[in-house]
Amino acid sequence: MTAYLLKRLIIAALTLVLASMVVFAVMEILPGDPARLMLGLNASAEQVELLRDQMGLNAPLAVRYLHWAAGLLSLDFGRSYTYSVPVIDLVRERIVVSLPLALIALALSTVIAIPVGVFSASRQGRAGDTLAMGAAQLGVAVPNFWFALMLIYLFAVWLHLVPAGGFPGWSAGIWTALKSLLLPAVALALPQAAILGRVARSALIEVLNEDYIRTARAKGLPYRAVLWRHALRNAMIPVLTILGLQFAFLLAGTIIIENVFYLPGLGRLIFQAITQRDLIVVESIVMLLVAAVILINLVVDFSYAIVDPRLRAIPGKVRSGFPSGIAPKQILRAVQRFRETRNRSRGRQ
Amino acid sequence: MKLWKTILAAAVLSLAAATSAFAARTDLTLGIVLEPPHLDPTAGAAAAIGEITYANVFEGLTRIDDSGQVQPGLAESWAVSDDGKVFTFKLHSGVKFHDGSAFSADDVKFSLDRARAKDSLNPQKPLFAHITDVTAVDPATVKVTLDGPQGNFLYDMGQVAAVIVGKGSADGNKDKPIGTGPFKLDHWAKGSEITLVKNPDYWGTPAALDKATFRIVPDAAAAVPALLSGDIQAFANMPAQDALSQVQSDPRFSVVIGSTEGETILSINNKKPPFDKLAVRQALASAIDRSAIIDAASNGLGKPIGSHFSPGDAGYVDLTGVYPHDIAKAKQYLKEAGLENGFSATIKLPPVPYARDGGQVIQSQLKEIGVNLQIIPVEWAEWLSQVFTNKDYDLTIVSHVEPNDIDIYSRPGYYFQYDNPKFNDVIKELGATVDKDKRLELLGAAQKILAHDVPAVYLFELPKIGVWDAKLQGMWTNWPIEADDLTKVKWTD
Chain A
1 MTAYLLKRLI
11 IAALTLVLAS
21 MVVFAVMEIL
31 PGDPARLMLG
41 LNASAEQVEL
51 LRDQMGLNAP
61 LAVRYLHWAA
71 GLLSLDFGRS
81 YTYSVPVIDL
91 VRERIVVSLP
101 LALIALALST
111 VIAIPVGVFS
121 ASRQGRAGDT
131 LAMGAAQLGV
141 AVPNFWFALM
151 LIYLFAVWLH
161 LVPAGGFPGW
171 SAGIWTALKS
181 LLLPAVALAL
191 PQAAILGRVA
201 RSALIEVLNE
211 DYIRTARAKG
221 LPYRAVLWRH
231 ALRNAMIPVL
241 TILGLQFAFL
251 LAGTIIIENV
261 FYLPGLGRLI
271 FQAITQRDLI
281 VVESIVMLLV
291 AAVILINLVV
301 DFSYAIVDPR
311 LRAIPGKVRS
321 GFPSGIAPKQ
331 ILRAVQRFRE
341 TRNRSRGRQ
Chain B
350 MKLWKTILAA
360 AVLSLAAATS
370 AFAARTDLTL
380 GIVLEPPHLD
390 PTAGAAAAIG
400 EITYANVFEG
410 LTRIDDSGQV
420 QPGLAESWAV
430 SDDGKVFTFK
440 LHSGVKFHDG
450 SAFSADDVKF
460 SLDRARAKDS
470 LNPQKPLFAH
480 ITDVTAVDPA
490 TVKVTLDGPQ
500 GNFLYDMGQV
510 AAVIVGKGSA
520 DGNKDKPIGT
530 GPFKLDHWAK
540 GSEITLVKNP
550 DYWGTPAALD
560 KATFRIVPDA
570 AAAVPALLSG
580 DIQAFANMPA
590 QDALSQVQSD
600 PRFSVVIGST
610 EGETILSINN
620 KKPPFDKLAV
630 RQALASAIDR
640 SAIIDAASNG
650 LGKPIGSHFS
660 PGDAGYVDLT
670 GVYPHDIAKA
680 KQYLKEAGLE
690 NGFSATIKLP
700 PVPYARDGGQ
710 VIQSQLKEIG
720 VNLQIIPVEW
730 AEWLSQVFTN
740 KDYDLTIVSH
750 VEPNDIDIYS
760 RPGYYFQYDN
770 PKFNDVIKEL
780 GATVDKDKRL
790 ELLGAAQKIL
800 AHDVPAVYLF
810 ELPKIGVWDA
820 KLQGMWTNWP
830 IEADDLTKVK
840 WTD
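So the sequence lines, in the order shown, correspond to chains A and B.
For the record, in the first sequence the residue sitting at position 224 is 224 according to our numbering, with numbers rising by one throughout.
For the record, in the second sequence the residue sitting at position 13 is 362 according to our numbering, with numbers rising by one throughout.
Be aware that a few hints might be false.
With a cut-off of at most 16 Å between alpha-carbon atoms, the simulated EDC-like pairs for lysine to aspartate or glutamate come out as follows [said to hold, decoys possible]: (1) B/652 with B/662; (2) B/740 with A/33; (3) B/797 with B/667; (4) B/474 with A/49; (5) B/839 with B/559; (6) B/837 with B/376; (7) B/467 with A/46; (8) B/626 with B/768; (9) B/525 with B/448; (10) B/539 with A/93; (11) A/179 with B/580; (12) B/467 with A/49; (13) B/684 with B/717; (14) B/620 with B/802; (15) B/547 with B/535; (16) B/467 with A/53; (17) B/539 with A/89; (18) B/474 with A/46; (19) B/547 with B/448; (20) B/434 with B/784; (21) B/560 with B/376.
What follows is a set of in silico ranges between Cβ atoms, one per label pair, in the way DEER data are often shown [claimed, not checked]: (22) B/676 with A/54: 46 to 56 Å; (23) A/159 with B/842: 21 to 31 Å; (24) B/591 with A/212: 53 to 63 Å; (25) A/172 with B/467: 44 to 54 Å.
Just a few of them, taken from the derived set where beta-carbon distance is under 7 Å, the chain A residues facing chain B [what the hints assert, rightly or not]: (26) 31; (27) 37; (28) 39; (29) 42; (30) 47; (31) 152; (32) 165; (33) 166; (34) 264.
In short, the hints are calculated from the structure, not lab data.
Backbone N, C-alpha and C fix where the C-beta goes; we use that ideal spot for every residue, glycine too.
Throw the hints in and build the complete structure from the sequences for me.
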């Protein structure tokens, strides 16, 4: 277990270094000059050059990369070109919006998706299942900005229950702040819940067809106990994988929802920083997110072990060779592990 | 007796509550689309900086009013020497900066010297290029010497980038703007909103509003529900043109269409063949149908222009008829240029609706004369580096929002790559002319040269679409400069 942990940590560190090079290179290739953007059309070329000097943009590429990377190591993320404040301050201001929003949305989507998945799987092919999966299909298909606007018109314009957008800050009171995060969280959660519900359903159906479920039923356990205790637990692996991916997405991939509700979140900060060529902000935040995704993947991996004791027993064999932090691969891996688990349980029969 | 006292007290209290309920509102939340990168108008070109701070937080020696006229600002009066070179400004007394320090002639000298210094990062540095000396005669008098008479000098001193900053606070203005205006910064929740509060020590007429919040609403689709729900009571310039009908029919809102200084033009790279030929540019001008472009790119609200000049400004000459929409004539021009079979070119479009929508219409209109345009969408950062700085483009659409900027066609190295000695002479003479009538005559001449020579195809003047609560008064109708001057804004009730 320790050797495995060490290996994972080394892989994670290498991924971070590689990611930092890619992120830096991509931002450098992007055309556009932050100094010209700041000074506009009437400034002379000399003024732009002067500002570039002040921003430290005229130093050689390698020097700037090393300077930035060394800063990251000591948790110094640099200063924003446009705002001229430390990047870490900007992140701190935004994370108090994005993190609670992501957590609420994640909780909401789980609370909706798991019962729906269980409900559908246990009534496979029947009217309730068709209805639930039809709704899930709709949830996946409807663009979330449209859904968000409908929510705004209903709850803010018509019923006046919540504000139409904006974030008053936590200093305005916890309830006031939470109220402004409610609609965006719902708008974010529903499409995620639809995806998660479908994953939960199909995973559960596969598990329910397993022989050991029949065995459990044969030894006299009631259906509900089998469903919730034996089947659901085994079906959680793909669900957890998707959940981990969704959290990473919710943390920064919410630019559209943050725009519609004009929330000062991380997604909007990145978007704004890209358009203003605030390179250092983009680079540093992307690195933070890469680190977060790697961390989430580690957490997801450990939670596999919690839901499935067999993974705890033979960790070396199952967890081999896959680099972490690469999202699409993770789905494949979850599916693969899911199959491995299934095959093993068959072999034991 | 005790009971009576209680009742009396209750009555007084409820009366007080009732009167305060009937008193007019004194807070206002405005929506803006783009967040300013910082709040120092002397250090950044972003229009949002001036929109929030001009006249509210910072003031200049002069100020520009709603109709584009020059009014006294921090200078209560001025005198001009006979040769037009020396301006002596008499300053208001008792003026204080928001940090409590007193405003004096030294601050004016400091601000102007800073803006024109060698290492100045003022985005409008050319405004100060003709100043040769600034002297603080006494605390209430400043003498500014120019290298020659400057017809527009008083106007220029009223522009956003010419505001007066404090000697001791100038370096911190990006984050904590310290001005002399009727409002001061209360707090800036980055990404969310900027709140101004009334400055109790203001030297002039105090503002009617106690608090004004500029909330950033980046998504056009969110603007309408924000207004309908009452969260936001005013958009000085509404981003959602398509959704305008939703508020136009609602009696709770005023929709006020005004003018801006934004000449929206099809810029041409005048040095790049075949656009270096006049006949080709004339063909473009004749092939284009302005009204169709205005319908698509500004919901029919923009005013057509035939030269680089705002229809709202003094001296405007209507030149929209110089090259009327005429396909046959356009083809004839192409033939004249030896390109009767047409040609292909690219058009780079920045990420603003007027450019992206207008570009598609122009593409289809030019197709009729055999000119095939390939549309290349670009971000602003790309536009600035590729089109503006490197001049790597054929055609582009952009709105030039700076006021009185017809001189850009005479600037060496400007991205139009247009060089017409005749035009340059007119602009040079205009710069040195103080006499009003002579100035208007020269402005007319400059407009006519551009209209006939087509260094760019002139499309329309960008409209300002003001939408606000019908009970709100004093918002600017027009944007002679991009500013949300709140000094006269109040609620009626």
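To see whether the hints hold, each was checked on the structure:
no.: 1; hint: B/652 with B/662; result: holds (13 Å)
no.: 2; hint: B/740 with A/33; result: holds (15 Å)
no.: 3; hint: B/797 with B/667; result: holds (9 Å)
no.: 4; hint: B/474 with A/49; result: holds (14 Å)
no.: 5; hint: B/839 with B/559; result: holds (10 Å)
no.: 6; hint: B/837 with B/376; result: holds (13 Å)
no.: 7; hint: B/467 with A/46; result: holds (10 Å)
no.: 8; hint: B/626 with B/768; result: holds (13 Å)
no.: 9; hint: B/525 with B/448; result: holds (10 Å)
no.: 10; hint: B/539 with A/93; result: holds (8 Å)
no.: 11; hint: A/179 with B/580; result: holds (14 Å)
no.: 12; hint: B/467 with A/49; result: holds (12 Å)
no.: 13; hint: B/684 with B/717; result: holds (14 Å)
no.: 14; hint: B/620 with B/802; result: holds (14 Å)
no.: 15; hint: B/547 with B/535; result: holds (9 Å)
no.: 16; hint: B/467 with A/53; result: holds (15 Å)
no.: 17; hint: B/539 with A/89; result: holds (10 Å)
no.: 18; hint: B/474 with A/46; result: holds (11 Å)
no.: 19; hint: B/547 with B/448; result: holds (14 Å)
no.: 20; hint: B/434 with B/784; result: holds (14 Å)
no.: 21; hint: B/560 with B/376; result: holds (5 Å)
no.: 22; hint: B/676 with A/54: 46 to 56 Å; result: holds (52 Å)
no.: 23; hint: A/159 with B/842: 21 to 31 Å; result: holds (26 Å)
no.: 24; hint: B/591 with A/212: 53 to 63 Å; result: holds (59 Å)
no.: 25; hint: A/172 with B/467: 44 to 54 Å; result: holds (47 Å)
no.: 26; hint: 31; result: holds (5 Å)
no.: 27; hint: 37; result: holds (6 Å)
no.: 28; hint: 39; result: holds (5 Å)
no.: 29; hint: 42; result: holds (5 Å)
no.: 30; hint: 47; result: holds (6 Å)
no.: 31; hint: 152; result: holds (5 Å)
no.: 32; hint: 165; result: holds (6 Å)
no.: 33; hint: 166; result: holds (6 Å)
no.: 34; hint: 264; result: holds (3 Å)
Consistency with the previously given hints is maintained throughout, with no hint failing.
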